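Number of protein chains: 2
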Amino acid sequence: MRRAGRYPAAFTMRVLILGGDGYLGWPTAMRFSARGHEVSVVDNFSRRHWHEKHGTDSLTPIRSLEKRREAWKEVSGKELASYVGAIEDAEFLERVIIETRPEAVIHYGEQPSAPYSMANREQAVETQYTNVIGTLNLLFFLRDHAPDCHLVKLGTMGEYGTPNIDIEEGFIEIEHKGRSDTLPFPKLPGSLYHLSKVHDSNNIHFACRIWGLRSTDLNQGVVYGTITEEIQRHPGLINRFDYDEIFGTALNRFCVQAAIGHPLTVYGRGGQTRGFLDVRDTVRCVELAMLNPPERGEYRVFNQFTEQFSVGDLAEKVKVAGAKLGLRVEVQHLPNPRVEREEHYYNAAHTRLLDLGLQPHLLSDSLLDSLLEIALQHRTRIREDVILPRVDWRATHNRRPTRPDA
Amino acid sequence: MRRAGRYPAAFTMRVLILGGDGYLGWPTAMRFSARGHEVSVVDNFSRRHWHEKHGTDSLTPIRSLEKRREAWKEVSGKELASYVGAIEDAEFLERVIIETRPEAVIHYGEQPSAPYSMANREQAVETQYTNVIGTLNLLFFLRDHAPDCHLVKLGTMGEYGTPNIDIEEGFIEIEHKGRSDTLPFPKLPGSLYHLSKVHDSNNIHFACRIWGLRSTDLNQGVVYGTITEEIQRHPGLINRFDYDEIFGTALNRFCVQAAIGHPLTVYGRGGQTRGFLDVRDTVRCVELAMLNPPERGEYRVFNQFTEQFSVGDLAEKVKVAGAKLGLRVEVQHLPNPRVEREEHYYNAAHTRLLDLGLQPHLLSDSLLDSLLEIALQHRTRIREDVILPRVDWRATHNRRPTRPDA
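Residue numbers (this note's numbering), protein chains in the order written: chain A, 60 to 465; chain B, 60 to 465.
No wet-lab data here; the hints were simulated from the structure. Misleading hints may appear alongside valid ones.
A pair holds if it fits inside one copy or across any two, identical chains being indistinguishable in the list.
[Unchecked claim] Straight-line distance between alpha carbons at most 25 Å, and here's what the computed SDA-like set of lysine to any residue pairs gives:
| hint | residue 1 | residue 2 |
| --- | --- | --- |
| 1 | Lys137 | Glu227 |
| 2 | Lys126 | Gly320 |
| 3 | Lys383 | Glu401 |
| 4 | Lys112 | Asp428 |
| 5 | Lys376 | Thr71 |
| 6 | Lys236 | Leu247 |
| 7 | Lys378 | Ile286 |
| 8 | Lys378 | Val390 |
| 9 | Lys112 | Thr308 |
| 10 | Lys376 | Arg440 |
Every value quoted in this text rests on a predicted model; they were computed, and no experiment measured them.
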C-alpha cells in the first residue's frame, strides 16, 4: 500500500482523466503527459453534444479529440490513450478501470453548468443522474479493482453558498452546548447542479469512511483563461473557450462581450462575491493534489481558488482593460435570473494548496489583455444571441430554441 | 394562498400518499381516510417485488392493495383512490399530481433499507436513483401544478449519524471566528440509503428556498409495532411486519427471534443508540405535521421519535418480556456487519412534534407482549434463514441467493 506524503519529483503514475476532452480535462491531460505520467482520458463528448443541440459553440475552434491526440503526439512524442463512453454506463466504466489500473483518477466527468441544470426538469434529472450515479459507479469500481487509487474529484466553491461565517476547507469544528466535534461544513448550494456536487461529496466521504478509499475533493472557484504552457505548443491543441449563457464563465463572457461592443451583463447588483482562479492554476492544483495523496481512508477537501472578486469588480476590470485597447465597454445590470444574495459576507479559506506549494497566477492586466485579444481574434465566430440569460431560476420551463435537427 | 398555522379540527384535505401500500403508508392512508380527508395512494409494489425476488415475506399475511381497499370500504364506507406506478416515471407522476391536485403529499415512496442499498452496486444505484430522482420529479411537478401543496417527506434520524454534539432539529446556530449563522445541521449518514435521504433533504430545502415550495422533513427514528386503531377493524387490513435482515427493523426482528427460540442477534457490542417510536406515533406525527403546515418557502425539520435506546437495551427488554411468556431468550453478539460506532454520545432534540401536541406511546411491557404474541401467532410463517445478516458494509458484493424464477 502506498503511503501518504509527497512523491519524489521523478515519480510517474498511471492517471485516468474523466472528462479529458473538456475545458479543464484537456489541459490537465497534456500537462500530466508532458511530465511523464501514463495518461488515459475518458469522455463521451457530452459538452460538444450539448453545444450542438443548442446551436452554440466554443469561441475558439477546437479539434476533435482524435486530432488533438495526434497533434499532441506530434509535438511531444507521447501517446494519450482514450476511451469514448459515459461513466453512467457501468459496464464501460468497469472495463476502463480494469484495463487502465489507475493510481490516480482525476474526475472532471460531469455536467458542469448551473443554468443547464435549472432550465427544466429533464436537464435537472440528467445533471443529477450523470453526476451522482456516474460518481457512485466510479466509487464501486475503485473499491473493487483499484482500492489504493487516489480519487481527485472536482467539486465547486458553490457547494458552500454564501453563509454569514468564514468558509473553511470542508470541515468545521463546532462547539455546541458544552461539547465539540469536527463535522462537514454545512452547505447551501445555489442550483441543482451545485446540489449534485454536494451529493457527490457526501457519497465520496462515505466511501472513504466505510471502504477505506482515499480522495481529495477540490472545491474549485470560477475558472478563467484558456491557455496553458502545453496548449501553446501547437494550434491543434487549442482549448475550449465558452461564452454562452449556459457554459460560459463570467470573466470569459465579459471579454467576449467587450470584443463585440456588447455591454457586460452583470446579473443584479453585482455584489455577488466568489473565488476565482486561472486555468493554469487549476491544472497545477490538481497536480499538487495528485503528487501529495492522502492516506487510505482519508477524505480531504481543498478550496481551490486564488482570489475573491465580486462580479461587479470583474466587469470594472474588463472595462478598464478594454479601454486601453480602444474598446468602448459599458456595464449593464440585468434583472438577476438566479436566486442568490447580491450583497453578502464572503471569506473563504484557501491555504491548503498554497501549503503544498501553489504559486498563484493572480488576475493581471496582461492576462486580461490576452483574453480580450483572443476574443477579438475570433470575433467573427461570436453569436451575440446566445449570451443573454434565458434560464430563470424561478421558472421550471426554460427552453432555448434548439436546432430542429439536433 | 393558504396561511400557516393549525387548521380547524373539521378541516379536510386532498392528500396524496406516495408508498401508500407500505408499512407506514398503509396505516397512514386509513387514518386520514377515517378522518374525512380525500386520500389517494401511489405505489409500484416495489417492496412486495423485492421480497419476492429474495424469497422473503412479511411475517403477517398481507393482502393485495386492491383487497385492502375493498376491506377498508367495507368497514368505513370510504374509497381510497389508487395509482399504480413509480415516481421515477415522470409521465406517470405528472398525471397523478394533475389529477389529484393534492393539498398535502405524504412521501413514503422510497427504497427504505440500509442493507439493501449496501448489498452491491446495482442496488446502491437503484436506491439513489429511485429516491433522489423520484423526489426531484415530485419537486418539479409540485412547482408546476401544485405550488401551494405541503410536502411531508419521510427522512431518517440516520441522516445525522452519531456526532459528538447534541443533534438539533435540522438546523444549528454556529458561532465561528466572531460571526454566527444558522445553517443546516452537518450530516454523517451511515449507508448509501441514508445518503439518498440526505440528498433528498438538500434538494427539498433548495426547492423551498428557490421556488417557494413548503415542506416538512420528518427525520424519523426506527419504527416498531404493527397495529393501529384502523388496522384492528378488519382482518383484511392487517399491516406488514418485516423481520428479515433487509427490511426488518431491530425490535420487530428481536420479537420474531424470541418466538422461535433463536438468539436475539445484536450487531457488535450493542451500544449503538438510536431514536425509536411506535407505528401509531408515526401516523400521528405525520398527521400533526400535515394539520400544521409551514409557510410558503419554508423548509422545516422535525426529529420524529419518542425515546432513545441502545440496541443492547432493546434486546434486554425483549428477553425479559419473553421470559414472562415462558420463552427462553438468549442474546447473541454477532460481528458487526455495519461500519458504525458501537459506543458513542447520543442526544437528539425532538420537541417540535411534542409542541404540536404529540402524546407518545412509549415502549411498554404490554406493547412488547403484543408484538411477541403476533410473532407466536404467525410462527409457522417464519423463515429462520433470512434473519442473519449477510450484507457486509465493507464488501461491495453481497448477493443473497435469489429465486431462479424471480
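Results of checking the hints against the structure:
| no. | hint | verdict |
| --- | --- | --- |
| 1 | Lys137 - Glu227 | neither (40 Å within a copy, 56 Å between copies) |
| 2 | Lys126 - Gly320 | neither (34 Å within a copy, 71 Å between copies) |
| 3 | Lys383 - Glu401 | neither (29 Å within a copy, 67 Å between copies) |
| 4 | Lys112 - Asp428 | neither (32 Å within a copy, 64 Å between copies) |
| 5 | Lys376 - Thr71 | neither (40 Å within a copy, 59 Å between copies) |
| 6 | Lys236 - Leu247 | both (24 Å within a copy, 19 Å between copies) |
| 7 | Lys378 - Ile286 | within (22 Å within a copy, 71 Å between copies) |
| 8 | Lys378 - Val390 | within (8 Å within a copy, 75 Å between copies) |
| 9 | Lys112 - Thr308 | within (19 Å within a copy, 49 Å between copies) |
| 10 | Lys376 - Arg440 | within (24 Å within a copy, 75 Å between copies) |
Going through the hint list in order, the structure does not satisfy hints 1, 2, 3, 4 and 5.
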